[in-house]
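Q: Chains A and B are the protein sequences, given in the same order. Residue 963 is where the first sequence ends in our numbering, and the numbering goes up by one at each step. Residue 705 is where the second sequence ends in our numbering, and the numbering goes up by one at each step.
There may be inaccurate statements among the hints.
[Unchecked claim] Taking lysine-lysine pairs in the DSS-like style, the calculated list, with each CA pair at most 27 Å apart, reads:
#1 A:809 <-> A:750
#2 A:702 <-> A:832
#3 B:609 <-> B:677
#4 B:382 <-> A:786
#5 A:786 <-> B:431
#6 A:846 <-> B:677
#7 A:754 <-> B:677
#8 B:688 <-> B:677
#9 B:677 <-> A:702
#10 B:431 <-> B:515
#11 A:809 <-> A:832
#12 B:525 <-> B:656
#13 B:609 <-> A:786
#14 A:832 <-> A:846
#15 B:688 <-> B:382
#16 B:515 <-> B:525
#17 B:677 <-> A:750
#18 A:750 <-> A:702
#19 B:382 <-> B:677
#20 A:702 <-> A:786
#21 B:609 <-> B:649
[Claimed, not checked] Covered stretches of chain A (in silico footprint by chain B; criterion: 3 or more residues with CB under 8 Å from a CB of chain B, positions within the stretch not fixed):
#22 753–761
#23 868–877
#24 898–907
#25 943–955
[What the hints assert, rightly or not] Every beta carbon over 12 Å from chain A, so not counted as near; a handful from chain B, in silico:
#26 364
#27 410
#28 624
Rather than coming from a laboratory, the hints here were simulated on the basis of the structure. Even for Gly, the Cβ is constructed at its ideal location relative to N, Cα and C.
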Amino acid sequence: MAFLDYLINGISLGSIYAVIALGYTLVYGIAKMLNFAHGDVIMVGGYVIFTMMSNVGLNSYVSVLIAMAACTVLGITIEKIAYKPLRQSTNLAVLITAIGVSYFLQNIALIIFGEKPVTFKSVIDLPKITLFDGQIVIKSEAIASIIVSVVIVVGLSLFVNKTKSGRAMLAVSEDKDAARLMGINVNRTISLTFAIGSGLAAIAGALLCSSYPVLSNTTGAMPGIKAFVAAVFGGIGSIPGAMVGGLLIGVIEILGRAYISPQLADAIVFAVLIIVLIVRPTGILGKKVNEKV
Amino acid sequence: MKKLKIKPSTRSSFTTYAIVTAAFIAVQIMISTGSASNMFKGLLIPFCVYSIAAASLNLTVGILGELSLGQAGFMCIGAYSSAIFSVCTKDTITSAWIRFPIALLIGGIFAAIFGILIGIPVLRLRGDYLAIVTLAFGEIIKNVFNALYVGYDSSGLHFSLTSQGDLNLAPDGKMLINGALGVKGMPQDSTFVIGFVVLLLTLIILYNFIYSSTGRAVMSIRDNRIAAESVGLNITKYKLITFGLTAFLAGVAGAIFSHNLSTLQASKFDYNLSILILVFVVLGGIGSIRGSVIAAIVLTYLPEVLRKLNSDFGKYRMLIYSVVLIVMMIFTSNAKIRGFFAASFAKLKGLIIKDKNTPAKEAE
């Protein structure tokens, strides 16, 4: 029974990673950049919800919507100011800029909200589910995380494959210059990608802080890195891959923490990533790209 | 009389040695005249540590052209292995002048071994994938040291990954690594003089490596891997040599770092440290060893100075740091902005030196 309990926890954590990983995977697939600041957008989303609920006194779901709007605007702004001027430069330059943005967000939050972590009130007020005469209790946050992530993955897959803007995103990820020749507005498509990714980050922030209710200015950093690992694990650029990767990372982390060692859980996650990348360098569901001479 | 001709590469490397030595002498004068503040004196060893770490990372990032975010992991290995050596031998080898160089070598060698072991599988990956895998390795090393308990007694060494109690030490046993509490009781062997000597040696090693035939081979791999492979260069071998040398020097930096601390904890070596060192390399100029050293020193000193100024400003120091980072990257990497500056600089230069044809600046 304990195993089942851990498994459910792992899937719930994995669902949150999957939502974060979608943001990474979209941006990486289309802008070909590692958006290091993505994890910090989650933190910003968390703080917006916290402020709306505690200081303004709004309903939790309205707060999440406001956070999504705020993060979307933030994502587009970051892209316009920091990343757009570097569209033609090296990966490394963009990566360092993203690190700069990440430091910036963390320190703004530090100045506004202080060093002391705040306790986050869960945005989900549903009853928990009790199974097998109370042997297994599933928290409502866990159910919400799983349902929300599945809805997002399905919705995003439909959006990318069925709508005009979604197909434009696919085209840009395939070949930016050819897409431009076909009349696609590449800059707008990249902005749209950042908008979607950041909006998802706000949702992820709500789920993450509801499940693990401590919020500080570095809350987003480690989940962000693990979610990137999940995106790489599942095959970067692939939406189902982000889901698969996220779930696997979440389950491995929780089972590792429970059965092997709490301190080594992160090490196990990273070790599995390395093994996967050595065996399959493009991740589980990734496409192999042949190098041109 | 034949005019003495100096190769540009020699000139570049000796300029760097001269700058570092001049800085060392200036600091020594400041210390002896008493004009150096305590804060400044406390930063001298970190200056050396970060300079060595940044210069050696530049070998992988600038010369090999691969992105590594695992520098903190190698520093961690160097710090721990050398600290354990020093703790164990501080009673038998009493002279720090013998013990510390051995400790530095041990730190470097252990880090290099790990660097090569890690390099064999992961150097097949490239770009962002390599970055994330090296970051993962750094985190693994940090986590393992954080969970590692090592002690010794009359029956030998005991290891555990769970708790101190699991070691089953005899009553006369001694803890070496106490999990997250780390290692205690290192002799404080690091001095600024040793740090300077090691930095100078690092620079000599790096410059000689870069300008050797091996170094040129490595650069040819960076510039065109497929072409380098087709003229018969063994890509894996050169990558491993470079990666191993980077790890070795990072290990030495870690060893200097650990002998400057009263307690060595693995949590100091998280990915933020790797990122910090990468920032030194990038802002100092990718491929420029001298730039890495200067950037490491300036960017270590700057936040401390900002902290000192006044409390309000100190609060904003990391914010300012991050803005400077973003603005610097946009200004140095955006082709249009760089072109504008290059053009106006050339115009300015043309105004000053009208009659002379300015020779093209030799790339460092």
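Q: Taking the earlier hints as the rules, which of them does this structure contradict?
A: Of the numbered hints, 1, 3, 4, 5, 11, 12, 15, 19, 20, 23, 27, 28 do not hold.
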